[in-house]
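Engineer: Residue numbers (my numbering), protein chains in the order written: chain A, 1 to 139; chain B, 1 to 139; chain C, 1 to 139; chain D, 1 to 139; chain E, 1 to 139; chain F, 1 to 139.
In short, the hints are calculated from the structure, not lab data.
Owing to the predicted nature of the structure, the values given are computational and were not obtained by experimental measurement.
Mixed in with the good hints, there may be bad ones.
Which copy? The list can't say, so a pair holds if one copy fits it or any two copies do.
As the list claims (entries may be wrong) - Simulated pairs of lysine-lysine, BS3-like, Cα-Cα distance not exceeding 30 Å:
#, residue 1, residue 2
1, K98, K41
2, K41, K131
3, K98, K131
4, K36, K98
5, K93, K80
6, K98, K75
6 protein chains.
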Amino acid sequence: MFETRGRTITEADIVSFAGLSGDFIELHTNEEFAMKTPYGKRIAHGALIFSVSIGLMTQMNTIADTVLAFYGVDKLRFTKPVFIGDTVRVVKKVVEGKELGPARGVVTFETNVLNQNGVVVVAYRDKLLLKRRGDSNAA
Amino acid sequence: MFETRGRTITEADIVSFAGLSGDFIELHTNEEFAMKTPYGKRIAHGALIFSVSIGLMTQMNTIADTVLAFYGVDKLRFTKPVFIGDTVRVVKKVVEGKELGPARGVVTFETNVLNQNGVVVVAYRDKLLLKRRGDSNAA
Amino acid sequence: MFETRGRTITEADIVSFAGLSGDFIELHTNEEFAMKTPYGKRIAHGALIFSVSIGLMTQMNTIADTVLAFYGVDKLRFTKPVFIGDTVRVVKKVVEGKELGPARGVVTFETNVLNQNGVVVVAYRDKLLLKRRGDSNAA
Amino acid sequence: MFETRGRTITEADIVSFAGLSGDFIELHTNEEFAMKTPYGKRIAHGALIFSVSIGLMTQMNTIADTVLAFYGVDKLRFTKPVFIGDTVRVVKKVVEGKELGPARGVVTFETNVLNQNGVVVVAYRDKLLLKRRGDSNAA
Amino acid sequence: MFETRGRTITEADIVSFAGLSGDFIELHTNEEFAMKTPYGKRIAHGALIFSVSIGLMTQMNTIADTVLAFYGVDKLRFTKPVFIGDTVRVVKKVVEGKELGPARGVVTFETNVLNQNGVVVVAYRDKLLLKRRGDSNAA
Amino acid sequence: MFETRGRTITEADIVSFAGLSGDFIELHTNEEFAMKTPYGKRIAHGALIFSVSIGLMTQMNTIADTVLAFYGVDKLRFTKPVFIGDTVRVVKKVVEGKELGPARGVVTFETNVLNQNGVVVVAYRDKLLLKRRGDSNAA
Chain A
1 MFETRGRTIT
11 EADIVSFAGL
21 SGDFIELHTN
31 EEFAMKTPYG
41 KRIAHGALIF
51 SVSIGLMTQM
61 NTIADTVLAF
71 YGVDKLRFTK
81 PVFIGDTVRV
91 VKKVVEGKEL
101 GPARGVVTFE
111 TNVLNQNGVV
121 VVAYRDKLLL
131 KRRGDSNAA
Chain B
1 MFETRGRTIT
11 EADIVSFAGL
21 SGDFIELHTN
31 EEFAMKTPYG
41 KRIAHGALIF
51 SVSIGLMTQM
61 NTIADTVLAF
71 YGVDKLRFTK
81 PVFIGDTVRV
91 VKKVVEGKEL
101 GPARGVVTFE
111 TNVLNQNGVV
121 VVAYRDKLLL
131 KRRGDSNAA
Chain C
1 MFETRGRTIT
11 EADIVSFAGL
21 SGDFIELHTN
31 EEFAMKTPYG
41 KRIAHGALIF
51 SVSIGLMTQM
61 NTIADTVLAF
71 YGVDKLRFTK
81 PVFIGDTVRV
91 VKKVVEGKEL
101 GPARGVVTFE
111 TNVLNQNGVV
121 VVAYRDKLLL
131 KRRGDSNAA
Chain D
1 MFETRGRTIT
11 EADIVSFAGL
21 SGDFIELHTN
31 EEFAMKTPYG
41 KRIAHGALIF
51 SVSIGLMTQM
61 NTIADTVLAF
71 YGVDKLRFTK
81 PVFIGDTVRV
91 VKKVVEGKEL
101 GPARGVVTFE
111 TNVLNQNGVV
121 VVAYRDKLLL
131 KRRGDSNAA
Chain E
1 MFETRGRTIT
11 EADIVSFAGL
21 SGDFIELHTN
31 EEFAMKTPYG
41 KRIAHGALIF
51 SVSIGLMTQM
61 NTIADTVLAF
71 YGVDKLRFTK
81 PVFIGDTVRV
91 VKKVVEGKEL
101 GPARGVVTFE
111 TNVLNQNGVV
121 VVAYRDKLLL
131 KRRGDSNAA
Chain F
1 MFETRGRTIT
11 EADIVSFAGL
21 SGDFIELHTN
31 EEFAMKTPYG
41 KRIAHGALIF
51 SVSIGLMTQM
61 NTIADTVLAF
71 YGVDKLRFTK
81 PVFIGDTVRV
91 VKKVVEGKEL
101 GPARGVVTFE
111 TNVLNQNGVV
121 VVAYRDKLLL
131 KRRGDSNAA
């Protein structure tokens, strides 16, 4: 099991993500609108939290610089809202590993993104091509 | 079937996405490194193209402002690299629809992101809670 | 009459706009300075609100993808300050329309940007070249 | 007559402005689309050039820190396209000045934004409340 | 002695700087983590304040557009934390000047960055190649 | 000796850094101006390369998450220009180490930032408070 560092999701992150993705859905960009929804305030884009969870993984000592390819993701679920000021971290559990010769392997992770209260906010299963650390052959 | 407008993926998008997600994997941020990989040059983050595909969907006349919730994504696959300067657009096909009363429904789409040559670069199946256009009850 | 969705103007928007435009006038960037002005706190750049009002218009179902050219703007007035956290929306009224053949027309709008209290914060008159929806001839 | 420094309009500026304003009109964001228009390639948003022209003005030694209020703009015209890589600068001519006591005045400028070939790309008439340099009374 | 305008350091600045520099050290990006450090909350990156201090200098009437080269910096010290919402300004004192012909000179400054309470938060000694104002020969 | 990954410095990085720092000196932002200087084209801000070098250090497996405090920098020199498209990496050599009890130490590095041709573009000496890896006591 791997656990990443945490990161606080800021209003600036949501504003930047709206601008970068082009998703200006009012639940993310209009506080007056969001106040009248069951959430009561603006929430982060699900794809932002998913993207941050990948970034946090690449910053882990154990995984960083060993990722050769990102095959895909399954059962990506946005289970709980993430609000401005929430802090997320990622817990990854290996659920399957397949050797591809001596230096590489395909690893499937069960990934959970948790907020500061330990509640799972995003969950998914991701498959990556990793190289063994120390393998100097980049790709 | 719905088709979104297109968007050119720029170097600035990749740089911004690295900074926003925290994913500085060299295949996205180091041209010298990328030159020595089979890709031959930097490629866009898969999660960036996924994020842009959601943004493009929200800009469609037919869907914009009808999205009430984003349940999840399955079989998200990064099938081909997206390079700086490629232009992507999104094609969505309804594969399942379930009515939730008179004004809402859960719709499952088969989504393909294509580049300027019509090649699928990202594919996924997404499930959304949509409201009927004209329904004034926001959430 | 058209009305756009709303958007909350955040501190991040003002910071980004200062950096993008290069306008670091202290009323926008220095809270200590702004506290001593009649406004009492930092205010958004007028040109930011003007720019956001155009963005909001392009996100309207009725207008998006029909804009062929933006001729100009008259009587652009910054009537009231917009503060961090205010939510603006745009109301556009056609004041003049001229057909340019069967598929295009020049439309002049009276545009008002309102905050969450219904107060006009920016007003202008803008002239656009629009195509009829369904016209497949892009430009 | 005042002349500002110049600034090269980059692809990154256009991408940032699309994200900040929310204006993703394809002429600014889709190179494939833009290739088929009379422009032949993506062009900068008119409101970006207008915004940059204000930023350049605030960076002038003669005007910076003397701007107390921005009253409004008239006859804003987007006369020529600005392409990626073009360099713009601003020329301002006082066309009217009104004293408001000993330390302040309302000044109307005829403003032209020129590209590297000396062609006017944006033009407008703007009215500002300026204080005399050396006036320590901030607002 | 020169004193620049002030600038409020926002959460958006810290988020942008983390993304631009790639420094996601948790003291800058994780509020939960920072709460348990002696600082009690997130602090700005030292290099952000250093960078802003150079930007503020270039916006001074007396120095802007006279900087020909930036030789180097000595004794750069991050003496006190800068928190979100603090407002910094820069005070520069000439400590050495060397003429390089009639139009240029190398100037060494003792530079202090102060917060809104007058406390020095960053200090350094910087050496610049400046031209005399009015010298039309750009470089 | 430690060596970081590399990072390509893009036009988008320079544009973002100008906006974040407020340093719009024309050598960084005006291609027409820069063409007439001895550099022949726009160069990156020295403080941008310095900031990126810190970011690259924090992404190293050996150092990331062990930085407790950044004391200061000496002899920071901008020895060669960095152009758009150059790729920089950082080499750090310990020149002094002082134990502060069993779990912490102050380390002084001789740091060189090199471009893709192995030329030193920025050099400095930096002093950091580091904790031993495995020390669970955050600060």
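Engineer: Evaluate K93 and K80 at a C-alpha cut-off of 30 Å and name the case that applies: within, between, both or neither.
Structural biologist: Cα proximity of K93 and K80: in one copy and across copies (20 Å, 27 Å).
Engineer: As a check of your reading, is K41 near K131 (CA-CA no more than 30 Å) within one copy, between copies, both or neither?
Structural biologist: between (43 Å within a copy, 20 Å between copies)
Engineer: Can you tell me if K36 and K98 fall within 30 Å by alpha carbon in one copy, between copies, both or neither?
Structural biologist: between (49 Å within a copy, 25 Å between copies)
Engineer: Pop the pair K98 and K41 into one bin, within, between, both or neither, using alpha-carbon distances up to 30 Å.
Structural biologist: between (44 Å within a copy, 28 Å between copies)
Engineer: Can you give me the call for K98 and K75, within, between, both or neither, at a CA distance of at most 30 Å?
Structural biologist: Both ways: K98 and K75 sit 20 Å apart in one copy and 19 Å across, limit 30 Å.
Engineer: I want to check one pair: K98 and K131. Are their C-alpha atoms no more than 30 Å apart within a copy, between two copies, both, or neither?
Structural biologist: Intra 12 Å, inter 36 Å, cutoff 30 Å: intra-copy only.
The structure agrees with every numbered hint stated previously.
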